[in-house]
Amino acid sequence: MDYIISVYRKPKNYGKLENAHSKSESNPFCGDRIELFVKIENEKISEIKFTGEGCTISIFSAEMLSENFIGKNVNEIKSLSDEDYLKLLPISLTPTRQKCALLSFRIMKNILRDLEKN
Amino acid sequence: MDYIISVYRKPKNYGKLENAHSKSESNPFCGDRIELFVKIENEKISEIKFTGEGCTISIFSAEMLSENFIGKNVNEIKSLSDEDYLKLLPISLTPTRQKCALLSFRIMKNILRDLEKN
Amino acid sequence: MDVKKIREDFPIFRKMINGKRIVYLDSTATTQKPYQVIEKIKEFYENYNANVHRGIYSLSEYSTELYEKSRENVAGFINAHPEEIVFVRNTTEGLNLLSYSFLWNFLKPGDKILISMMEHHSNFIPWVRLKHFNIDVDFINITEEGYLDLEDLKNKLDKRTKIVSLSHVSNVLGTINDVNEISKIVHDNNSIFVVDGAQSVPHTPVDVKKIDCDFIAFSGHKMLGPMGIGVLYGKYDILKEMAPFLSGGEMIKEVHINNIIYEDPPLKFEAGTPNVEGSLGLSAAIDYLKNIGMENVRDHEKRLTDYAFKKMDEFDDIVIYGPKNVEKRGGVISFNFNNGNRYIEKELIKNDIFVHPHDVAGILDSENIMVRSGHHCAEPLMDFYRIPATTRASFYIYNDEEDVDILMDGIKKVRKVMKIG
Amino acid sequence: MDVKKIREDFPIFRKMINGKRIVYLDSTATTQKPYQVIEKIKEFYENYNANVHRGIYSLSEYSTELYEKSRENVAGFINAHPEEIVFVRNTTEGLNLLSYSFLWNFLKPGDKILISMMEHHSNFIPWVRLKHFNIDVDFINITEEGYLDLEDLKNKLDKRTKIVSLSHVSNVLGTINDVNEISKIVHDNNSIFVVDGAQSVPHTPVDVKKIDCDFIAFSGHKMLGPMGIGVLYGKYDILKEMAPFLSGGEMIKEVHINNIIYEDPPLKFEAGTPNVEGSLGLSAAIDYLKNIGMENVRDHEKRLTDYAFKKMDEFDDIVIYGPKNVEKRGGVISFNFNNGNRYIEKELIKNDIFVHPHDVAGILDSENIMVRSGHHCAEPLMDFYRIPATTRASFYIYNDEEDVDILMDGIKKVRKVMKIG
Ligand SMILES: Cc1ncc(COP(=O)(O)O)c(C=O)c1O
Ligand SMILES: Cc1ncc(COP(=O)(O)O)c(C=O)c1O
Ligand code: FES
Ligand code: FES
Numbered sequence: 206m207d208y209i210i211s212v213y214r215k216p217k218n219y220g221k222l223e224n225a226h227s228k229s230e231s232n233p234f235c236g237d238r239i240e241l242f243v244k245i246e247n248e249k250i251s252e253i254k255f256t257g258e259g260c261t262i263s264i265f266s267a268e269m270l271s272e273n274f275i276g277k278n279v280n281e282i283k284s285l286s287d288e289d290y291l292k293l294l295p296i297s298l299t300p301t302r303q304k305c306a307l308l309s310f311r312i313m314k315n316i317l318r319d320l321e322k323n
Numbered sequence: 206m207d208y209i210i211s212v213y214r215k216p217k218n219y220g221k222l223e224n225a226h227s228k229s230e231s232n233p234f235c236g237d238r239i240e241l242f243v244k245i246e247n248e249k250i251s252e253i254k255f256t257g258e259g260c261t262i263s264i265f266s267a268e269m270l271s272e273n274f275i276g277k278n279v280n281e282i283k284s285l286s287d288e289d290y291l292k293l294l295p296i297s298l299t300p301t302r303q304k305c306a307l308l309s310f311r312i313m314k315n316i317l318r319d320l321e322k323n
Numbered sequence: 012m013d014v015k016k017i018r019e020d021f022p023i024f025r026k027m028i029n030g031k032r033i034v035y036l037d038s039t040a041t042t043q044k045p046y047q048v049i050e051k052i053k054e055f056y057e058n059y060n061a062n063v064h065r066g067i068y069s070l071s072e073y074s075t076e077l078y079e080k081s082r083e084n085v086a087g088f089i090n091a092h093p094e095e096i097v098f099v100r101n102t103t104e105g106l107n108l109l110s111y112s113f114l115w116n117f118l119k120p121g122d123k124i125l126i127s128m129m130e131h132h133s134n135f136i137p138w139v140r141l142k143h144f145n146i147d148v149d150f151i152n153i154t155e156e157g158y159l160d161l162e163d164l165k166n167k168l169d170k171r172t173k174i175v176s177l178s179h180v181s182n183v184l185g186t187i188n189d190v191n192e193i194s195k196i197v198h199d200n201n202s203i204f205v206v207d208g209a210q211s212v213p214h215t216p217v218d219v220k221k222i223d224c225d226f227i228a229f230s231g232h233k234m235l236g237p238m239g240i241g242v243l244y245g246k247y248d249i250l251k252e253m254a255p256f257l258s259g260g261e262m263i264k265e266v267h268i269n270n271i272i273y274e275d276p277p278l279k280f281e282a283g284t285p286n287v288e289g290s291l292g293l294s295a296a297i298d299y300l301k302n303i304g305m306e307n308v309r310d311h312e313k314r315l316t317d318y319a320f321k322k323m324d325e326f327d328d329i330v331i332y333g334p335k336n337v338e339k340r341g342g343v344i345s346f347n348f349n350n351g352n353r354y355i356e357k358e359l360i361k362n363d364i365f366v367h368p369h370d371v372a373g374i375l376d377s378e379n380i381m382v383r384s385g386h387h388c389a390e391p392l393m394d395f396y397r398i399p400a401t402t403r404a405s406f407y408i409y410n411d412e413e414d415v416d417i418l419m420d421g422i423k424k425v426r427k428v429m430k431i432g
Numbered sequence: 012m013d014v015k016k017i018r019e020d021f022p023i024f025r026k027m028i029n030g031k032r033i034v035y036l037d038s039t040a041t042t043q044k045p046y047q048v049i050e051k052i053k054e055f056y057e058n059y060n061a062n063v064h065r066g067i068y069s070l071s072e073y074s075t076e077l078y079e080k081s082r083e084n085v086a087g088f089i090n091a092h093p094e095e096i097v098f099v100r101n102t103t104e105g106l107n108l109l110s111y112s113f114l115w116n117f118l119k120p121g122d123k124i125l126i127s128m129m130e131h132h133s134n135f136i137p138w139v140r141l142k143h144f145n146i147d148v149d150f151i152n153i154t155e156e157g158y159l160d161l162e163d164l165k166n167k168l169d170k171r172t173k174i175v176s177l178s179h180v181s182n183v184l185g186t187i188n189d190v191n192e193i194s195k196i197v198h199d200n201n202s203i204f205v206v207d208g209a210q211s212v213p214h215t216p217v218d219v220k221k222i223d224c225d226f227i228a229f230s231g232h233k234m235l236g237p238m239g240i241g242v243l244y245g246k247y248d249i250l251k252e253m254a255p256f257l258s259g260g261e262m263i264k265e266v267h268i269n270n271i272i273y274e275d276p277p278l279k280f281e282a283g284t285p286n287v288e289g290s291l292g293l294s295a296a297i298d299y300l301k302n303i304g305m306e307n308v309r310d311h312e313k314r315l316t317d318y319a320f321k322k323m324d325e326f327d328d329i330v331i332y333g334p335k336n337v338e339k340r341g342g343v344i345s346f347n348f349n350n351g352n353r354y355i356e357k358e359l360i361k362n363d364i365f366v367h368p369h370d371v372a373g374i375l376d377s378e379n380i381m382v383r384s385g386h387h388c389a390e391p392l393m394d395f396y397r398i399p400a401t402t403r404a405s406f407y408i409y410n411d412e413e414d415v416d417i418l419m420d421g422i423k424k425v426r427k428v429m430k431i432g
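Residue numbers (the numbering used here), protein chains in the order written: chain A, 206 to 323; chain R, 206 to 323; chain B, 12 to 432; chain E, 12 to 432.
Don't read these hints as lab results, they were simulated from the structure.
These numbers were taken from a predicted model, which means no experiment stands behind them.
One or more of the hints may lead you astray.
Distance condition first, Cα-Cα at most 25 Å in a straight line; then the derived DSS-like pairs of lysine-lysine [what the hints assert, rightly or not]: (1) Lys142(E) to Lys142(B); (2) Lys16(E) to Lys26(E); (3) Lys53(E) to Lys15(B); (4) Lys251(E) to Lys142(B); (5) Lys221(B) to Lys301(B); (6) Lys322(A) to Lys251(B); (7) Lys228(A) to Lys264(B); (8) Lys15(B) to Lys321(B); (9) Lys314(R) to Lys264(E); (10) Lys221(R) to Lys283(R); (11) Lys215(R) to Lys430(B); (12) Lys217(R) to Lys430(B); (13) Lys80(B) to Lys53(E); (14) Lys304(A) to Lys80(B); (15) Lys53(E) to Lys26(B); (16) Lys80(B) to Lys26(E).
Working from the sequences, and respecting the hints, build out all of it.
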């Protein structure tokens, strides 16, 4: 828990990126909103940042996501299910809090999906 | 029971009256309708007849009413409550069937009330 | 099907009145409840009760999970998706939801709605009331035997017809309408097909995909579940386009003074604190029915109806309404004592042929036989047959041949008391 | 009031999670149920279950009697007549009933409805939606401390104002609105006064004659009763004039193809099979509350709130919303960790002052303390305070000083875990 809180209070990747793919979505459960900024080079994630407000879990998850996904291949991320993603986090969550954790992951997926469409 | 059925099958006062006070009402519970004809002389009921369709209880009650009330003083009838009336009948009834029994009594009361108003 | 064993699951059948067991023949109005349903309600309030949605603490999370699991169970039961299952109070509310929501953003003056002469008031009044807004309502005829007149349906379907709303099984005649066939006819006309499933979902397998209906409504209390819970199934794509009906808590994503964003279906249609208890009770009832198998429920009722028909043949002054063919009708038997005539002469008391259904029910009740009498919330149908009422006996999984035999004895008593025949 | 003894009546409080008892502080969302209510439901289904109205057999007659007795009990509880008590599903449905029925034959384009900034979504969205029909809706301001601004009410009341609908007690701020006074103001303007009683009827004596409100709506599940049952009280003379809302079975006198005659109130407003179980459960809950005495309920909650306020004073970075004066508020405490400021700066995570209410609730839950977090279905109020959410603890008859102490320990844990203060 201490770890989660310390990450929550000082997330390293909190902030914005210029010239990045970005998307902002809210968690329907609570209305909290996160904006994700993603840069991709050669089908690989090169940079991720995020801003927004949310509970510990949502911010912690956004930070974890950015730390974990940088350097990963786009297709690798696309193939992850919600369950896969939740397993990457070092905590077990009730269904409601899973929604908090999945907020940034959903935004990530939607950014990739939009790119695919264009 | 036999008595009730025999009254029901051959009610003596079934029929219409010319130049009488009359009123037709239905039992909201079932839609059955009875029309009552009442003649009054010197504040006394001189004649009662009725027509209509209904269950055994309602027809039996209408017949009992007409037999019992002929000769009675109008004020006497007015002072009767529903409970008083039900006690006049030689049967005990569940709440729903009480509505059947009270149909003709309610019409009687309404006829008297209308007369009072005019 | 072991009816004696099934009956043991229903605490009410342990009850004795004047030393006799209850012969309950009014499941069309509401069914009795097995202990599995009653105990589920008790268990919920004793262990998990909390308001659902947006609660972060464990009880609330669990309660939400139970509620959504119930929804999945209901969905599976009629082969729908959980997001297509809206919990309502009863069939009546489900049909009203449709009439109001359609009025909000779908129906226009001059549009037409088709219903039939055999509809329950709940699938009648909500539509007829729309005349106030200059929406036309027309009525599909039925045949004397109580079948829907499909030719009349085809004739009355036209460009203006936006909605056709029909009962799957009639609660008076027992008629099983051929909804698969009707669905095609209605959709060929690009109209929406609403099914009143109050008397079908409890008694026979129902597969919304096969029927391809756009909506079906039914009540929990008519299928072993508790009162106060019902279901409206709707195709997701249509639900998505529809205006909300009730509004308030739970059914929104965001609310600001100048901007309200509604939830997606089904939550969009579930305003206020839902009846979690009811959903659980209904789910337990569905488990009970699935365990028996809906095919078996249907077969059992068909057999009982056939048996009752044969027994009632004995009395040739009794007239039974609705189809004679047990393949085309459910286990609902409406009848009258009237020299075998469907239509009844006025001045009833002038003969010793007719017995008022309320008298029939009253006398049967003195033998603990519980049947319904009256217009069964289908007055237009009573008008059609020119009758004030019928007596109705209806069967479910806890009834057996013995019940039919007791009913026959009861009918004999009615004849004796009323001195007819 | 012997809370320990009361708690023994509630089976759920026997439950242990991780060896600890439940500290339930979310009765504003829904209350727990005493065994007297749970057993009443069980007893009904095991002995008397039948559909009400128009049934001639004994079970149905008895079931009808039970249903109408429940209505009488509810009526007595708020000093109304039984014919003025309409059973609905919950407060939300009661308020929707009004908005739809008024739309049908009372409201005209250009008419105005007044609500306030502190309303629950259920007393907000149904009215705001009427803008679609060109009916105006305006919002009465509240003061920073959370009182209704009566001057603003007076200013906004005008000839066009047909309806004023306000909560009696706010489910976020706890504010008790002076409905007696408001009723006079509203009636002086010849407007109709609707009270959302969801948070008052369960917690304090309510006498509709004294208030002289035209309507009041409340929910059974918030006052020890089961889910799926609620009440709309209305003055009989107004109910009589109103258009029906839901239509279908039970609410009619006669139905013919070209003529429908509706029942008198309250049946006119109760379409379809009613929730008899729910009415009985609610009636049992009312018996339970009457036995304690509503004055005592109110006093108890006042005392607890006072006690909690004193304890919370310890933490000077906690801000509590709503009136400080316990005479003018109910036992609902919404708060935030935010350096004592009501309004919250954006970029929350950038400081170590604010704790997200969902984190508060999550950490409290790990100690079996169940509080609610979020916007409490009052987003416009959240907008007013520019906050995303609050944490809310609320009290009822089964809570005591010990619960408050445990909550305080929980709050200390939150501070420690979240490293604030
Ligand atoms: C003030 C207020 N009004 C209305 C409601 C809605 O009650 P229900 O969800 O039971 O319809 C609530 C419940 O939270 C409330 O607190
Ligand atoms: C065919 C049909 N439709 C609708 C209804 C109404 O059901 P509920 O009263 O549960 O809303 C009934 C119940 O009798 C019915 O038989
Ligand atoms: S509570 Fe809003 S994201 Fe977790
Ligand atoms: S049943 Fe109609 S009057 Fe008795």
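Verification of the supplied hints:
A C-alpha spacing of about 23 Å is found between Lys142(E) and Lys142(B), which places the hinted pair at or below 25 Å, so the restraint holds. A C-alpha spacing of about 16 Å is found between Lys16(E) and Lys26(E), which places the hinted pair at or below 25 Å, so the restraint holds. As the CA atoms of Lys53(E) and Lys15(B) are separated by approximately 22 Å, the hinted pair is consistent with the 25 Å bound. With a C-alpha separation of about 22 Å, the suggested pair Lys251(E) and Lys142(B) falls inside the 25 Å cut-off, and the hint holds.
About 19 Å separates the Cα atoms of Lys221(B) and Lys301(B), which keeps this hinted pair within 25 Å; it holds. Among the hinted pairs, Lys322(A) with Lys251(B) is consistent with the structure: their alpha-carbon atoms are about 24 Å apart, no more than 25 Å. Distance check on the hinted pair: Lys228(A) and Lys264(B) sit about 19 Å apart at the alpha-carbon level, within 25 Å; holds. Restraint check: the Cα-Cα separation between Lys15(B) and Lys321(B) comes to about 22 Å, which is no more than 25 Å; the hinted pair holds.
For the suggested pair Lys314(R) and Lys264(E), the alpha carbons sit about 21 Å apart, so the restraint of at most 25 Å is met. Taking the CA atoms of Lys221(R) and Lys283(R), the gap is near 23 Å; set against the 25 Å cutoff, the hint holds. In summary, the hint linking Lys215(R) to Lys430(B) is supported, as the alpha carbons are separated by about 13 Å, within the 25 Å threshold. Distance restraint check for Lys217(R) and Lys430(B): the Cα-Cα separation of roughly 18 Å lies within the 25 Å cut-off, and the hinted pair is therefore satisfied.
Between Lys80(B) and Lys53(E) the alpha-carbon distance is near 23 Å, which keeps this suggested pair within the 25 Å criterion. Pair hint Lys304(A) plus Lys80(B) holds up; C-alpha atoms about 18 Å apart against a cutoff of 25 Å. With a C-alpha separation of about 14 Å, the suggested pairing of Lys53(E) with Lys26(B) holds against the 25 Å cut-off. A C-alpha spacing of about 23 Å is found between Lys80(B) and Lys26(E), which places the hinted pair at or below 25 Å, so the restraint holds.
Of the numbered hints stated above, none is contradicted by the structure.
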